[in-house]
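Enquirer: Each chain, written out:
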Amino acid sequence: MAYLHDDQQERNAKSVHLIIAAAIVFSILIIRLMYLQIIQAGFNIRLSKENSMRLKIILPPRGYIYDRNGEVLARNRPSYSLCVVPSQLPQKRRREVINRLCAIRDSAGVAVFDSTELETIVRKAYARRFDPTRLKEDISFELTSIVEEHAMELPGILVMAESRREYPLGGDAFHVLGYMGEIPEDDFDTFKQRGYYYGDLIGTSGIERQYEKDMRGVCGQEYIEVDAYGKNLGPLPNIPKIEPVPGNNLYLTLDARLQRIAAKAFPDSLKGAVVALDPRNGEVLVMFSNPSIDPNIFSMAGTIRTKNWSVITADTSLPLNNRATCGTYAPGSTFKLVSALAGLETGQLNAASMMPAPCRGVFRFGTRIAHCWEEKGHGRLNLIQAIQQSCDIYFYQVGLRLEDTTINRYARMTGLGSMTGIDLTIEKEGWLSGEEAYNRKFKSKGWVWTKGLMLDLAIGQAQVVTPLQLALMVGGLGNAKALFRPCLVREEKSRNGIMVKRYAPVLRDSLVFKAATVSALHTAMRKVLEEGGTGGMAAVPGVPVGGKTGSAQNPQGEKTHALFIACAPVDDPVIAVAVVLENAGHGGSVAAPIAGDILRYYFAETEEGRAVAEKYKKKSERN
Amino acid sequence: MIARQKSLDRPLFAALLLMLGFGIVLVYSSSFALSQHRYGGPDFYLARQSIRALLAIACFMICINVDYHQWGRVSGIAYLAAVALLASLLFLPAHHAVNGARRWLTLGPVQFQVSDFARLALILFLARKCEEAKTDLQQPRVFIKLLAITGLICGLVLAEPNFSTAAIIGSIALAILFISGARFWHLCALVLSVIPVAALLVLRTPYRRARISGYLNFSNHQNDIAYQTYQSLVGLGNGGLFGVGLGKGEQKFFYLPEPHTDFIVSILGEEIGFIGLLAVLAVFAFIVCRGMRIALNAPDRMGRVMAFGFTAAVALYAVINASVASGLIPTTGVPMPFLSYGGMSLIFTMCSMGIVLNISSRSSDRMVFTEGNPASAVHRRGKGR
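One line per chain: the protein sequences are A and B, in this order.
Numbering-wise, the first sequence is residues 1 to 623 according to the working numbering.
Numbering-wise, the second sequence is residues 1 to 385 according to the working numbering.
These are computed hints drawn from the structure, not numbers from a lab.
Small disclaimer: the values here were computed from a predicted structure and weren't measured.
Here a beta-carbon is modelled for each residue, glycine too, at the ideal position from N, C-alpha and C.
Worth double-checking, as some hints may not be accurate.
Unchecked claim - Some chain A residues judged to face chain B by a derived CB distance under 8 Å, without partners named:
{"#": "1", "residue": "14"}
{"#": "2", "residue": "15"}
{"#": "3", "residue": "22"}
{"#": "4", "residue": "26"}
{"#": "5", "residue": "29"}
{"#": "6", "residue": "30"}
{"#": "7", "residue": "33"}
{"#": "8", "residue": "34"}
{"#": "9", "residue": "36"}
{"#": "10", "residue": "40"}
Sequences and hints are given; from them, build the entire structure.
Expert: Okay, here's the thing in C-alpha cells:
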C-alpha cells in the first residue's frame, strides 16, 4: 500500500495548485461582480432607464414664400415614404415581406419594387435596426393605401409622412428662390451646433439660403419610451414635449405674374437674365435667369434627384448660375447713358452738343481705326440723336473729352461696378475699366493703359457689369434723385400672421444732377423708343418709356450680347428693367421685346402699373 | 473490476438536480418575452428546455449506473466519431454556417454543437490513454501521442471556426495531462509555443480583432460590437445587491439579445442580485469541489482523469461564461453549464456528471481497493522526479 500513499501525496500537491488557481479566478470574478452590482449599482440603474428612452426630434414646418401679392412661391407638400424598421421585421419573414412588396404593381401594371434592389436596402437597413430606412421616397397615394391596408402582412414596413418643398412657379423663379439640399458633409459640424440634425435639408441657394434661419424654425423634441425593438410605447409622462416652432413666412417684393411673363418671353434656347425693379425703393419685381431648372426636382425621391444632379452638373451652360446677379457682361451701348451723364454733369456736353468729327462709319484715333455699328455712318448728330441712334463715333469723341475716372465716378454713382447689396448670398461685383484698374488687372500680361482705350470705355466695351446693376443704373437715371439698395424681401411674418420683421427700403445714394442733365437724358432715352430710335419694340402705349439698347461685342461668340435697359415712366419711373441675352444679336430686336412684354403687362395688368398708366392717360387727355 | 463499495456522492447528486431545476426556472424567466415575441407564446423555450431536462435526467441516471470503465472501452469509437463529425462539418454547404461558422450538426430531431460531443469523447479517450500509459506519460513519445490526440480535436474545432471552444478543450486536456503526471516543463514548453500561435489567430481574424477592440475600447462600442456586454453590465448593475426579483428584470425585454443562452448570468444578476449570483456561484464551487474530491479519490487513473476532466470542463465554462457576462474578458459564445438554454449541451453535461457520480460510487475514502499495479508505481518511483 505504500505506493498508493505516495501517489496520494503527489495528487494532493497537484490539487493544491489547481485549487489555488481556481480560487484566484473565482475571487477575481466575485470582486468584479461586487464592483458592478454594489459599487456601480446606481450608475447602471440610470443607464437602464436611458435604455428605454429615446429622444425624438420633431422637425418644424418650414416657412412659406409669397410674392408681393400673396401668391405662393414656395410651400411644403406632404409626402409619404415607404420605410422598413428592421427590428420589427422578423428575420424569418424577411423573404416573405420582400416578395409581397415586389408583387405590388402600379396603375400601369409595372412592379414598383425591384427584388434585388429591395433586398440590398433591407440588408443595409439592419445597420440601424431601430430606425426607419427609406425603401422608396415620395410614393403615390395608391401605394400608401395598399401598404396601409396590408399592414398586418407587412410587419416592419411602414409609411412615414414627411414634408417636401414645392415651388409652384417651377423653373420660372428658380434662381431667386433657390432650392433645398443636403447639408454638405464638411460643414456638418458647424450646422450641428446650430440645431441641425443628420439628414436635414437646408436652403442651398437664393432666398432659401439667405433666409434659412428665418424660415427653418426651431426643432421640437419629445422623449418617448421604447422597448429594445424600438417600438414606440408612447411619450414619457414626466418629461414635457417641446413643440417645434414653425419657420417664418417670407413676403417677397417679387411679382409672380411679371416673373412668369419674363420667363415666357425669354427664348428658351438663349442664355441671359432679366431684372425688373422699382427705382423708388429698390424692390426687385422680376429676377429671371436662363437656362433655368425646375427646383421641384430637388425635392423628389433620392434616385431622381441624383439622376438630375448629374445632368445639371454636366451642363456647360451652367444652369445653376444666377446670371442676374452673377453674370458679368459688357454693358455695350447701354453705357453710353453713363458717358453722356458724365459729359453733361461736367459741362463738357449739352443736349445740343455736336462732335467735331461727324459719323462716317469709321473713326481714326492715332493708328487705330474704330468703327460705328452703322457702317454707312450717322452723319452729324447732337447728343440726343447720338443716344437715340446709338452712334459709336459720337461717343468715342465723348470719351476722348473725358477722364476715365470721371466716367467711372458716374458709373459707380448709378450703381455699376460694385455690389448692389441685394439680399442674396452670391453676387458679382463686375469691373470698371480705367487707367489704374486696367494697369493693375493686366500687369501680368504687360498691357498698359493708353488713351485709345477711352474709346472702348465710353461705349461700354471695356467694363463688365451685372444685369441687376444695369437695372439699378437705368432706374437711377430715370429717378435722378436716389438710388436704393435692391431687395427681395418685404416682410417676414410668423406662421400665425404676426409681423416679425419689415424690411424698409435702404437708401444707397442720393443723386443730385443738374436739371438740364436729367431732362436731356430723359429726352434721349424716350427718343430711343420712338421713330428712328433703336428700342421701339419696348414701347408701351400711353406711358413714356425711356430706354437704351446695347449690342455688346464679346469674346465668347460671333453674335453680340443683346442688351436693353429701360425705365417707365421715364421722368418718374416706377419700374426699371434690364434684359441681357448672351450671343443673341442686337439689343433692339432681341432684348427690347422682352422688356416690352414686361412693361406692357405691368402697366396694363398690375394695380400699381395701371394706376400710373391712368394718370398719364388723364394727363394726355388734359393736354 | 471493482465491486461497488460505497454509495454515490449524494450531496453532489443533490446539487446537480438543484442546478438543473433552477436552470429551468431561469430559462423561463429570461426567455418568456423573447418567446412571446418570436413564437406568440411565453413558454416555447420553457417547454423545450423541460423536455430536454427530462431527457438529461434520464441520461444522467443511466450514466450513474453504468460502470465508467465501459465508457473507457467505447471511448476509441467515440473519439473517432467525434473526429469524423468535426471533419464532416468542414464539408457542410455554406448555408449551414451561422455567422460564417459551421458548429452545429442536425441529426434528425436533435441539433447539437459537435464540439460539445467532441469534448466529452476526448476526455473519455484521454482517460483511457492515461490509464494505458500509466507513468509512461513522462516519456516524450507518450506525451506527444496524447498531445496529437488532443491537437486533432482542437485543430478541427478551430477550423469550424470556434476559437474559444478550441482553447477551452485544449486547456482541459492540458490540465488532464498535468494531473496525470506529464512533465511540468513539457507542459510549459507547450503553452509557450501555443500562445503566439493563438495571438496570431486572434489578430489575423477581423471579427476576433473587433471583439478585442470592443473589449479594450468598451465605452466607444456600446452600440455595436460591445452592445451585448454593455447591456449585460446594465443588467448586473440594475440588480444591485438583492436584485429586482425573479422574473422582474427589464433587460430580457429585448435589450439583451439572446438573454436565455450565453448571457443568462446577467439576467440572474439582475433578478436575484449579487447575493443570488454569489449563491449560484457557490453551488458551482461546491459541484467543482466535490468533483475534484471524487477525482482525487478515484480508484484508478481512468476514473481520476474522467472525474477531473468533466469537473474542470464545468468549472471552466462557468467561469468563462460569468467573466464574459461581467465584461472581464472579450465576448465569446460559451454557455453556462446547467443554466443556459440549449438541450444537447445540457444532456452532455449531465451525462458527464453522471459518470463522475458513478466514479464516486466506486471510490473509497479509505483507499481500500485492489486495482493498480504496484510494480509500475515502484518503477516510477525509481525513476524519481
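Enquirer: Hints numbered earlier in the text: which of these fail when held up against the supplied structure?
Expert: Going through the list in order, the structure violates no hint and respects every one.
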